[in-house]
Every structure is written in structure tokens, then in C-alpha cells.
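Q: Sequence:
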Amino acid sequence: MNNKAILAFLVCFLLVASNEMQGGEAKLCRRPSGLVSGLCFNTDDDCKSHCVNRENAHTGACDGLLRRCICYFKCDKI
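Quick note, the sequence shown lines up with residues -26 to -1, 1 to 52 if you use mature numbering (1 follows the signal peptide of the UniProt record, and there is no 0).
It cannot be assumed that every hint is accurate.
[Claimed, not checked] Below are the DMTMM-like pairs computed for lysine to aspartate or glutamate, each with C-alpha atoms no more than 25 Å apart in a straight line:
no. : residue 1 : residue 2
1   : Lys1      : Asp37
2   : Lys48     : Asp20
3   : Lys48     : Asp37
In short, the hints are calculated from the structure, not lab data. Since the structure is predicted, the reported quantities are computational estimates derived from the model, not experimental observations.
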């Protein structure tokens, strides 16, 4: 084999290997908070803290046009 063929093979191998290694992160699914009602007027930190501490979510944020508190869970937990 010549050097260009070997180099091309190594690049393809590294691309495939790096793609396979990214599968470790779980996908997050969103769900409106079951305990917080109304609009989020405060910072996203209040919503995030509530979702993580009281609803066992991965994170939370005020989202959308109506600024609702949305909790994000790992999809396998929903």
C-alpha cells in the first residue's frame, strides 16, 4: 500500500471511532414542571433549582413564548 492509502484508512478509522464514542450521553426530554405554575419572571436559575431539587430532573429552564418552567429529564426516566 502506498502512504496516501494508509493515511486515508487511518482518517476513516478515526472518524468512525470518534462517532462511536459519542454515544455515552443520554438524550434529554422536556416536560413542563408539575409543581411550578404560572410564568417565569425570575432568572432561569430558580426554575433549574426547582427542577433539579424537587422534581429530580437533570436541569430546568424558563422557555417558550409564555415563559413556563420546563424540566429536562433523561428520556429513559419519563
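Q: Would you mind marking each hint as holding or not holding in the structure?
A: Taking the hints in turn, this is what the structure says about them:
Annotation: proposed proximity of Lys1 to Asp37 holds, straight-line Cα distance about 18 Å (limit 25 Å). At roughly 20 Å between alpha-carbon atoms, Lys48 and Asp20 fall within 25 Å of each other, so this suggested pair holds. Proximity of Lys48 to Asp37 is assessed by CA-CA distance (about 18 Å); at most 25 Å being required, the pair is judged to hold.
In summary, the structure agrees with every hint in the numbered list given earlier.
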